[in-house]
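Engineer: Heads up: the sequence lines are chains A and B, in that order.
Just so you know, my numbering puts 8 at position 8 of the first sequence, and the rest follows in order with no gaps.
Just so you know, my numbering puts 1024 at position 24 of the second sequence, and the rest follows in order with no gaps.
Mixed in with the good hints there might be a few duds.
[Said to hold, decoys possible] Here's a subset of chain A near chain B, in silico, CB distances under 7 angstroms, partners left out:
| hint | residue |
| --- | --- |
| 1 | Phe30 |
| 2 | Tyr32 |
| 3 | Pro40 |
| 4 | Gly43 |
| 5 | Pro44 |
| 6 | Ser101 |
| 7 | Gln104 |
| 8 | Phe107 |
| 9 | Ser109 |
| 10 | Gly110 |
[Unchecked claim] Listed next, the in silico DSSO-like pairs over lysine-lysine satisfying Cα-Cα at most 27 angstroms (straight line):
| hint | chain 1 | residue 1 | chain 2 | residue 2 |
| --- | --- | --- | --- | --- |
| 11 | A | Lys68 | A | Lys37 |
| 12 | A | Lys54 | A | Lys68 |
| 13 | A | Lys56 | A | Lys68 |
| 14 | A | Lys37 | A | Lys71 |
| 15 | B | Lys1013 | B | Lys1057 |
| 16 | A | Lys37 | A | Lys5 |
| 17 | B | Lys1013 | A | Lys71 |
| 18 | A | Lys37 | B | Lys1057 |
| 19 | B | Lys1057 | A | Lys5 |
None of these hints come from the bench; they were simulated from the model.
Since the structure is predicted, the reported quantities are computational estimates derived from the model, not experimental observations.
Heads up, the beta-carbon is just placed ideally off N, CA and C, and yes, glycines get one too.
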Amino acid sequence: DQQVKQNSPSLSVQEGRISILNCDYTNSMFDYFLWYKKYPAEGPTFLISISSIKDKNEDGRFTVFLNKSAKHLSLHIVPSQPGDSAVYFCAASAIPISSGSARQLTFGSGTQLTVLP
Amino acid sequence: KAGVTQTPRYLIKTRGQQVTLSCSPISGHRSVSWYQQTPGQGLQFLFEYFSETQRNKGNFPGRFSGRQFSNSRSEMNVSTLELGDSALYLCASSLGRLSGNNEQFFGPGTRLTVL
Chain A
1 DQQVKQNSPS
11 LSVQEGRISI
21 LNCDYTNSMF
31 DYFLWYKKYP
41 AEGPTFLISI
51 SSIKDKNEDG
61 RFTVFLNKSA
71 KHLSLHIVPS
81 QPGDSAVYFC
91 AASAIPISSG
101 SARQLTFGSG
111 TQLTVLP
Chain B
1001 KAGVTQTPRY
1011 LIKTRGQQVT
1021 LSCSPISGHR
1031 SVSWYQQTPG
1041 QGLQFLFEYF
1051 SETQRNKGNF
1061 PGRFSGRQFS
1071 NSRSEMNVST
1081 LELGDSALYL
1091 CASSLGRLSG
1101 NNEQFFGPGT
1111 RLTVL
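Could you build all of it, start to finish, from the sequences and the hints given here?
Structural biologist: Here's what the structure looks like:
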C-alpha cells in the first residue's frame, strides 16, 4: 500500500513554461514533505521542503504547495529550464511511533520531467 | 566535505549468490539509511543504522541485512539473490538526530543486476 503516490510517471513541458508535479499521500500523520531531484547515475538531491504548518514554501524558481485537507502537494517550477529535466521524487515523514527512532522518509515512485528547448 | 560514496557502482550476479554493498557516509554523519529503487516503485526503505545499531527497518525479507561499523561506514548484504532483487541500491547519510528533520544526503547508488 503506497502511502505516497505520484500518479504521473512522466511530464513534458516547453522551456520557459511552468512545470507542475503532483503528489498525493494517504497517511494523515505525515507532517513534513520534501521534493528530491534525481539525475541519471546520481543519487537524489534535496530540492525543497514544507512543514504541515504551512501551505506554501518558495525557493527561487521552485514553489511547493500543500493542501492538507486534500492530502495533496505540488511542486511548481517557473520558468522551466532544460537543466530541470530529471526524475522528481516526493517524500514525506512523520514523528516516529517509537521514541528511539528518527524520522524516516516515505517516497513516491517519481515523475520524469522533460523540459523541451 | 566529501559526499556519500558507494562501492561498487555496478554489480552483476546470478540467482542464488550473495552480494555485499558498501556505503561511506559524509564525515560526521552517524546515520546511514538504505533504499531500493526499482522502476515504478520509487525508493523503498530497507533499514537505518545509527551508531552501529539498526534503528529502523522496512518491509523486506530477512535475506536483506546490514551492519554499521564504528567509523559509521555501512554494508548491506543480500543473500540467495532473486531476479527481483535487480535494482539500484541507494544509501543516504544524515546526522540522525531523534528530533527534528534530518536532511538525507544520497550516494550515487549501486546498480545490481541479477541474471
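Engineer: Was the hint right that A/Phe30 lines chain B, CB cutoff 7 angstroms?
Structural biologist: violated (12 angstroms)
Engineer: Between A/Lys68 and A/Lys37, is the straight-line Cα distance small enough, at 27 angstroms or below?
Structural biologist: holds (23 angstroms)
Engineer: Per the CB criterion, is A/Pro40 less than 7 angstroms away from chain B?
Structural biologist: Hint violated; A/Pro40 Cβ to chain B Cβ min 10 angstroms, cut 7 angstroms.
Engineer: Hint A/Gly43 vs chain B: min CB-CB distance below 7 angstroms?
Structural biologist: Status holds, d = 3 angstroms.
Engineer: Quick one, are A/Lys37 and A/Lys5 close enough, alpha carbons at most 27 angstroms?
Structural biologist: holds (16 angstroms)
Engineer: For the restraint on A/Ser101, tell me whether the closest CB of chain B is nearer than 7 angstroms.
Structural biologist: holds (5 angstroms)
Engineer: Hinted pair, alpha-carbon criterion (27 angstroms max): B/Lys1013, A/Lys71. Please report holds or violated.
Structural biologist: violated (41 angstroms)
Engineer: Given the hinted pair A/Lys37 and B/Lys1057, is their Cα-Cα distance within 27 angstroms?
Structural biologist: holds (24 angstroms)
Engineer: Does A/Gln104 meet its interface restraint, that is, does its C-beta lie within less than 7 angstroms of any C-beta in chain B?
Structural biologist: With a minimum Cβ separation of about 6 angstroms from chain B (threshold 7 angstroms), the hint on A/Gln104 holds.
Engineer: Would the hint on A/Pro44 be counted as holding, given a Cβ-Cβ threshold of 7 angstroms to chain B?
Structural biologist: For A/Pro44, the interface hint holds, since the closest Cβ of chain B sits about 5 angstroms away, which is under 7 angstroms.
Engineer: Taken at face value, is the distance from the CA of A/Lys68 to the CA of A/Lys56 at most 27 angstroms?
Structural biologist: holds (11 angstroms)
Engineer: Hold the hint about A/Ser109 up to the distance rule: shortest CB distance to chain B must be less than 7 angstroms.
Structural biologist: Holds - the Cβ of A/Ser109 comes within 7 angstroms of chain B, reaching about 4 angstroms at its closest.
Of the numbered hints listed earlier, those contradicted by the structure are 1, 3, 17.
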